[in-house]
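Q: The chain contents come next:
Protein chains: 2
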Amino acid sequence: MASSTDRARPPLDPAAEELIDRFGRGQLRALARVITLVENETPGYRRLLARLYRKTGRARKIGITGATGAGKSTLVDELTKRLSSRGRSVGIVAVDPTSPFTGGALLGDRVRMQDVGLLKDVYIRSMATRGSLGGLARATREVSIVLDAFGKDVVLVESVGVGQVALDIAEIADTTVVVLVPESGDSVQAMKAGLMEIADIFVINKSDLIGADRLELELNNHLELQRQRDGWDYPVVKTQARSGEGIDELLEQIDRQEEYLARTGYLEKKRADLVRAEILQLLSETVTGKVRQRLEERGDLDTAVADILKGHRNPYQVVDQLLERVEGAGPNG
Amino acid sequence: MASSTDRARPPLDPAAEELIDRFGRGQLRALARVITLVENETPGYRRLLARLYRKTGRARKIGITGATGAGKSTLVDELTKRLSSRGRSVGIVAVDPTSPFTGGALLGDRVRMQDVGLLKDVYIRSMATRGSLGGLARATREVSIVLDAFGKDVVLVESVGVGQVALDIAEIADTTVVVLVPESGDSVQAMKAGLMEIADIFVINKSDLIGADRLELELNNHLELQRQRDGWDYPVVKTQARSGEGIDELLEQIDRQEEYLARTGYLEKKRADLVRAEILQLLSETVTGKVRQRLEERGDLDTAVADILKGHRNPYQVVDQLLERVEGAGPNG
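These protein sequence lines map, in sequence, to chains L and A. Note that this note's numbering has the first sequence beginning at 104, numbered continuously upward. Note that this note's numbering has the second sequence beginning at 104, numbered continuously upward.
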């Protein structure tokens with residue numbers, strides 16, 4: 104169908120070409136528009152991303168994850184102010200997979216927009232939680248790509264540390280900062296949630312609260328083996344995000360981690376893993392979409408549903424049989 | 104490879120045959136074992152499920168969803184006690200996608216096990232949150248199938264109402280009960296979370312708290328159009344789960360909803376939708392697994408990753424090209 108030259112530069116309609124042009128010239132409204140298209144999976148968004156992809160790979164991606172109420176937003180805002188004052192442009196992606204019920208995010212967002220959101224070269228985007236949670240990780244990854252392509256020096260991905268979503272989002276970041284607070288059992292919860300495995304740097308926020316020293320001790324004990332094994336010291340930084348205390352040290356540790364990643368070749372490996380995950384996800388979406396479409400066109404799916412409800416077949420047989428039929432018909436059948 | 108008779112009765116190893124036999128004779132340890140195999144996606148679990156599938160379709164499946172702290176567990180326990188005293192066997196599947204951080208679930212579980220868990224013919228299972236959130240919905244659906252096949256009259260699926268997980272789990276249930284509490288903005292949150300669309304029955308739990316009447320009013324206002332449209336009155340039941348108040352009325356409404364579902368043919372439609380979703384999910388998993396395996400065998404994936412990192416191709420081109428190659432090679436290539 105399409106020659107390989109076509110594919111290297113997929114044709115876009117004139118409106119999309121103009122959007123890319125404005126995006127390339129650094130227009131904020133074009134950035135916002137592209138992000139919306141990506142978030143909504145508007146038809147054609149993949150070709151748009153394919154075009155932007157060549158401009159990526161430059162941004163430093165930092166994930167900030169932790170429980171609701173740990174003070175992630177304040178921490179991210181303080182980091183942003185310091186980065187901005189050093190002349191670095193920042194993109195923030197804020198993700199809260201639990202927000203439909205925890206609420207409040209929208210109000211908080213408005214306050215943020217009028218604080219760090221007004222700084223030069225800072226762009227904030229909150230990810231909506233409608234749609235699937237797998238979709239949320241996809242959207243976060245792709246919005247990070249967009250911010251990278253837009254030329255942001257740093258992309259901060261802020262997310263609530265809930266199960267698989269936290270792990271998926273950690274995959275996106277070069278460096279993952281896990282934020283804990285001195286509350287009973289927070290280190291135990293972090294371990295159970297698998298956050299110990301994804302953290303490169305730990306933050307004990309609200310470190311003026313009782314229990315901060317004990318939490319630090321617990322973390323240090325737990326990290327002993329990991330530190331010996333990896334040649335990285337998994338620093339534990341105490342902060343009080345509200346007063347700005349400890350933020351400079353956190354930035355220092357983030358820079359140290361960057362050097363470590365570059366020196367050990369680990370950054371390359373991380374990025375290769377991300378690209379691999381990216382390909383597999385795209386592949387899965389594409390293949391499933393195609394198979395589904397074929398089955399629906401032929402009415403095979405409806406027949407199968409009816410058979411199962413009558414008890415004549417079960418879904419596991421049906422899937423084997425459907426696949427055989429689709430494959431047997433060849434790629435264009 | 105396998106004839107269609109083989110497929111109708113897939114061969115299982117002797118241990119699995121024995122497990123199915125003990126399961127069929129109602130042994131609790133066999134039930135627990137089957138659920139664990141399903142939850143862990145232990146190789147061969149699908150063939151096991153395929154065998155159990157023929158015994159399903161009898162259980163009444165009720166979803167109970169709402170925010171953390173709304174009192175869902177207490178409500179489910181009270182419902183269970185009443186159902187049990189009426190001689191109906193009950194299976195409970197408790198799902199909390201946020202639990203790695205909210206914690207506490209394990210302790211709560213232990214208390215429950217020694218309360219309703221000791222009732223005759225009651226079985227409780229909490230779903231682990233490790234693994235993907237999409238996987239959680241799959242596991243919940245499949246564990247419901249297992250409990251149905253085991254002969255439970257009622258399967259109660261209790262879940263935290265978070266985004267897509269809540270919607271996926273609502274799909275499993277014949278009837279969905281949304282539990283709210285009289286707290287500022289709870290109805291607004293429910294609307295934002297899409298819970299208004301999945302609820303068949305509303306519960307205002309902790310109805311002795313201030314704000315219960317206002318919440319009821321808000322709900323009734325919001326439900327006006329829906330009630331006229333659907334010929335179902337979307338009842339709002341006030342309960343105090345701890346004292347047991349309102350639970351009998353809730354059970355009555357659940358029975359009324361069952362009659363409504365049967366009378367209107369809506370139950371059949373719901374179950375057809377579920378089977379359809381089930382097939383598509385199985386299909387997606389199977390196809391993706393196959394394609395991935397082929398690509399890995401040939402090393403195509405590694406080449407693609409390297410190309411992308413060098414900036415020679417982008418993931419969107421790569422996926423198109425990989426698929427062309429896999430399809431071109433034919434079903435057995």
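Certain hints may be false.
Copies of one chain are not kept apart here, so a pair can be met inside one copy or by any two copies together.
List of simulated lysine-lysine pairs, DSS-like, C-alpha gap at most 30 Å [claimed, not checked]:
1. K184 - K413
2. K413 - K372
3. K341 - K413
4. K413 - K373
5. K341 - K158
6. K158 - K413
7. K341 - K393
For the record, the hints were derived by calculation from the structure and aren't laboratory data. Note that the structure is a prediction, hence the values are computed from the model and not measured.
Q: Hint by hint, where does the structure go against what was stated? Just the numbers, ascending.
A: 1, 3, 5 and 7
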